[in-house]
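Protein sequences, first through last, are from chains S and V.
If you're matching positions, the first sequence starts at 1 in my numbering and goes up one per residue.
If you're matching positions, the second sequence starts at 118 in my numbering and goes up one per residue.
These are calculated hints, taken from the structure and not from any lab test.
From the three backbone atoms N, C-alpha and C, an ideal C-beta is built for every residue, glycine too.
Do not take every clue at face value.
Stated by the list, open to error - Dumping the calculated DSSO-like pairs for lysine-lysine here, alpha-carbon to alpha-carbon at most 30 Å:
no.	chain 1	residue 1	chain 2	residue 2
1	V	Lys172	S	Lys112
2	S	Lys116	V	Lys172
3	V	Lys137	V	Lys158
4	V	Lys183	S	Lys116
5	S	Lys3	V	Lys131
6	V	Lys183	V	Lys172
7	V	Lys172	S	Lys73
8	S	Lys16	S	Lys112
9	V	Lys181	S	Lys116
10	S	Lys16	S	Lys73
11	V	Lys137	S	Lys16
12	S	Lys73	V	Lys183
Unchecked claim - So the derived label-pair ranges between C-beta atoms look like this:
no.	chain 1	residue 1	chain 2	residue 2	range
13	V	His202	S	Lys70	29 to 37 Å
14	S	Gly62	V	Leu235	39 to 47 Å
15	V	Ser200	S	Gln83	41 to 49 Å
16	V	Gln177	S	Pro30	43 to 51 Å
17	S	Ala81	V	Glu169	36 to 44 Å
18	V	Gly170	S	Ala18	43 to 51 Å
19	S	Lys112	V	Pro125	37 to 45 Å
20	V	Thr199	S	Gly62	27 to 35 Å
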Amino acid sequence: AQKITQTQPGMFVQEKEAVTLDCTYDTSDPSYGLFWYKQPSSGEMIFLIYQGSYDQQNATEGRYSLNFQKARKSANLVISASQLGDSAMYFCAMRELYGGSQGNLIFGKGTKLSVKP
Amino acid sequence: GAVVSQHPSWVICKSGTSVKIECRSLDFQATTMFWYRQFPKQSLMLMATSNEGSKATYEQGVEKDKFLINHASLTLSTLTVTSAHPEDSSFYICSARDLAGGPEETQYFGPGTRLLVL
């Protein structure tokens, strides 16, 4: 069965510094996608970044990068130059790409990031 | 990215009434939509997967007669909470995928609906 583990319930980071949010996953499927979403207090889920299991390079999107270590089954999110607006819940998620599950996302429990001025 | 709307954003109702929540994909066709429920400070819990033109697939433990899902078109899915009770109070979020984008296509979320049953 698929599983996503986020071991950091809460994280603090100083404004303008970088922060790494941990995510490990478990799956027996060779084809999968890894996603990170941001959920501010308003509740909306904002897509940040995607990494496919066959992608050779780590994904990057602006200040977000994904440190993908396939052998260790980890997909950590790195946020560079933190801003006050980055304070939110962050969810790591996984999806089988070709399986019969209709592609629903499996979510971790989330990490609450607080950026200090 | 693609836009998914959800209506209403807030609803307060009396116990025993039914509440309908709409989820629309605004700029793409979504053959599959997903309905999630989220309790405070917890992760998203998948309730059901909604396929256009067919019956929804419910997750274990989710009452299909309680949470009616209809996916009548490629851009609209509705969730009806029937005979709502205070324990149904929660944050409900829908999401949709543009399957034309292939298996790696991102899943986009609506802004969510906060339901409070008095």
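Status of each hint after checking the structure:
1. The hinted pair formed by V:Lys172 and S:Lys112 fails the criterion: a straight-line CA distance of about 36 Å is larger than 30 Å.
2. Simply put, S:Lys116 and V:Lys172 have alpha-carbon atoms about 47 Å apart, too far for the 30 Å limit, and the pair is violated.
3. The straight-line distance between the Cα atoms of V:Lys137 and V:Lys158 is roughly 24 Å, inside the 30 Å bound, and the hint therefore holds.
4. Pair hint V:Lys183 plus S:Lys116 does not hold up; C-alpha atoms about 43 Å apart against a cutoff of 30 Å.
5. Restraint check for S:Lys3 and V:Lys131: not satisfied, since their Cα atoms lie roughly 37 Å apart, outside the 30 Å limit.
6. Annotation: proposed proximity of V:Lys183 to V:Lys172 holds, straight-line Cα distance about 15 Å (limit 30 Å).
7. For the suggested pair V:Lys172 and S:Lys73, the alpha carbons sit about 35 Å apart, so the restraint of at most 30 Å is broken.
8. Taken as a hint, the S:Lys16 and S:Lys112 pair is honoured in the structure, with Cα atoms around 17 Å apart against an allowance of 30 Å.
9. Between V:Lys181 and S:Lys116, the direct Cα distance comes to roughly 44 Å. Violation of the 30 Å bound is thereby established for this hinted pair.
10. Between S:Lys16 and S:Lys73, the direct Cα distance comes to roughly 29 Å. Compliance with the 30 Å bound is thereby established for this hinted pair.
11. About 43 Å separates the Cα atoms of V:Lys137 and S:Lys16, which puts this hinted pair outside 30 Å; it is violated.
12. Among the hinted pairs, S:Lys73 with V:Lys183 is inconsistent with the structure: their alpha-carbon atoms are about 38 Å apart, more than 30 Å.
13. At about 45 Å, the beta-carbon gap between V:His202 and S:Lys70 misses the expected band of 29 to 37 Å.
14. For S:Gly62 and V:Leu235, the hinted distance range of 39 to 47 Å is satisfied, since their beta carbons lie about 43 Å from each other.
15. Checked against the hint of 41 to 49 Å, the pair V:Ser200 and S:Gln83 passes, with Cβ atoms roughly 45 Å apart.
16. At roughly 26 Å, the beta-carbon separation of V:Gln177 and S:Pro30 lies outside the given 43 to 51 Å, and the hint is violated.
17. Distance hint check for S:Ala81 and V:Glu169: the Cβ-Cβ separation is about 42 Å, which falls inside the suggested range of 36 to 44 Å.
18. Look at V:Gly170 against S:Ala18: about 47 Å separates their beta carbons, and that is inside 43 to 51 Å.
19. Take S:Lys112 and V:Pro125: their Cβ atoms lie about 27 Å apart, and the range 37 to 45 Å is violated.
20. For V:Thr199 and S:Gly62, the hinted distance range of 27 to 35 Å is not satisfied, since their beta carbons lie about 43 Å from each other.
Of the hints listed earlier, those the structure fails to meet are numbers 1, 2, 4, 5, 7, 9, 11, 12, 13, 16, 19, 20, in rising order.
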